[in-house]
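Peer 1: What follows is each chain in one-letter form.
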Amino acid sequence: MKNQQEFIQNFASQFDETDASIFTIETRFKELDEWSSLISLAELNMIAKNYGVKLTPEEMKRSQTLQELYNLILSKKQQ
Amino acid sequence: MDAYIKAISYALPEKIVSNEDLVKEFPEWTVEKIASKIGVVERRIASENETATDLAVKAAEQLFSEYNINKHTIDFVLFCTQSPDYFLPTSACIIQNRLELRKEIGALDYNLGCSGYIYGLSLAKGLISANIAKNILLLTGETYNKSIHHLDKGNRTIFGDAASATLISDKGFAKIGEFSLGTDGSGAENLIVKTGGFRFPNALNDLHYDENGNLISSDYLFMNGEDIFNFTSDAVPVLVDDVLKKNHLKLEKIDLFVFHQANKYMMNYLRKLIGIDNEKFYVYLEKVGNTVSSTIPIAMYHAQKEAKLHGNVLLAGFGVGYSWGGVILKIID
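So the sequences go chain by chain: C and W. For the first sequence, position 67 (counting from the first letter as 1) is numbered 67 according to my numbering, and the numbering increases by one without interruption. For the second sequence, position 192 (counting from the first letter as 1) is numbered 192 according to my numbering, and the numbering increases by one without interruption.
Pulled out of the complex, with its shape left as it was, chain C reads as follows (with noise of 0.2 Å):
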């Protein structure tokens, strides 16, 4: 569970706007207000660096919420 809300604090750092304690592992992250291409760059570098995967950004958004994000990265890291 520490490991997940990690994850989430450091999805949420990425960004400048949205108040970080919004976010929970159900956040449909895509549907933020301040959601954007940019950001999107910025999480998958976040996630190759913390994490060692290196996600597509049509990977990314095929997930809908942190959960299933997280889960990809989770799969991902195991292969």
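Among these hints, one or two may not hold up.
To be verified - Derived Cβ-Cβ restraints for the label pairs, each shown as a range:
#1 Met46/C - Trp29/W: 23 to 33 Å
#2 Phe200/W - Lys54/C: 22 to 32 Å
#3 Lys253/W - Met46/C: 28 to 38 Å
#4 Leu88/W - Ile22/C: 53 to 63 Å
As the list claims (entries may be wrong) - Mimicking DMTMM-like on lysine to aspartate or glutamate, the simulated pairs with C-alpha atoms at most 20 Å apart in a straight line are:
#5 Lys264/W - Glu32/W
#6 Lys272/W - Glu43/C
#7 Lys264/W - Glu26/C
Hints are computed from structural coordinates only; laboratory data are not their basis. All of these numbers come straight from a predicted model, not from anything done at the bench. Ideal Cβ placement from N, Cα and C applies to all residues, glycine included.
Let chain C serve as the given structure and place chain W on it in line with the hints.
Peer 2: Below, chain W alone, put in the same frame as chain C:
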């Protein structure tokens, strides 16, 4: 001999493209969304018959009149552009003639983008140190909009056309310190206008859209956002660290950071990544956009007008090439 920046000015084309104008063409975007993400409210676009050379001449004339500079003291012209008038001759020769500068002077173009101003300062410092020239007119000028497809909303939103003019001399208000420079040509394909040179002289007419709806064409400006983002976030913190080391300074001893003004989100991302206080991080994007090699001198011009230039000022440019560079200026109060 030490080299100093003596004066900076710049020039913009007349035509303004506002976010409202862009939203009319791309109704899926909102005015507020462009402004909040990219940090650009309006950008200037060169007219059909207006080139980077024209803008650079205008910037130089502005510099001479604003600071009452005798143009006959200029003994070298450096012009940074990726949008020359011709394959040959070099635009700097045309500029010498247009500005009616002396004939007993050196003049050359060099082809760099967002790192170009830093490289210009390094060349100018070298010319002064070697006693080759004393009053160098460093010009930057770019008209990327001529290379951007009209349906490429991403790049049209970010880039503005502009030119800058800087006088570098053996006296001035900012002593040019030590440089950190970097190059990695493996990134060449990620920010490119592929056709029209001698490798691909003819248009390839391969326009298509990627999975994310981004327009891609070999015949227009292409930017691979993901790779450019990754390059920047890898290279710039290392660059800042290296330029600090070369100048024997710590991050907290820098009074103002003037980075290449890529876009608001990217700049803020780099600021947080490096750990720079917001009030020490100068941003001037709203009225001009990303003007490529002119962003740093334009920002410096406004920082000076706002009396924000003092102490140690760290400049950092990075982009197309890949090419990057940084320097620290010591402001003479």
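Peer 1: Honestly, which of those hints from before does the structure not fit?
Peer 2: The structure conflicts with hint 7 only, although it agrees with all the remaining ones.
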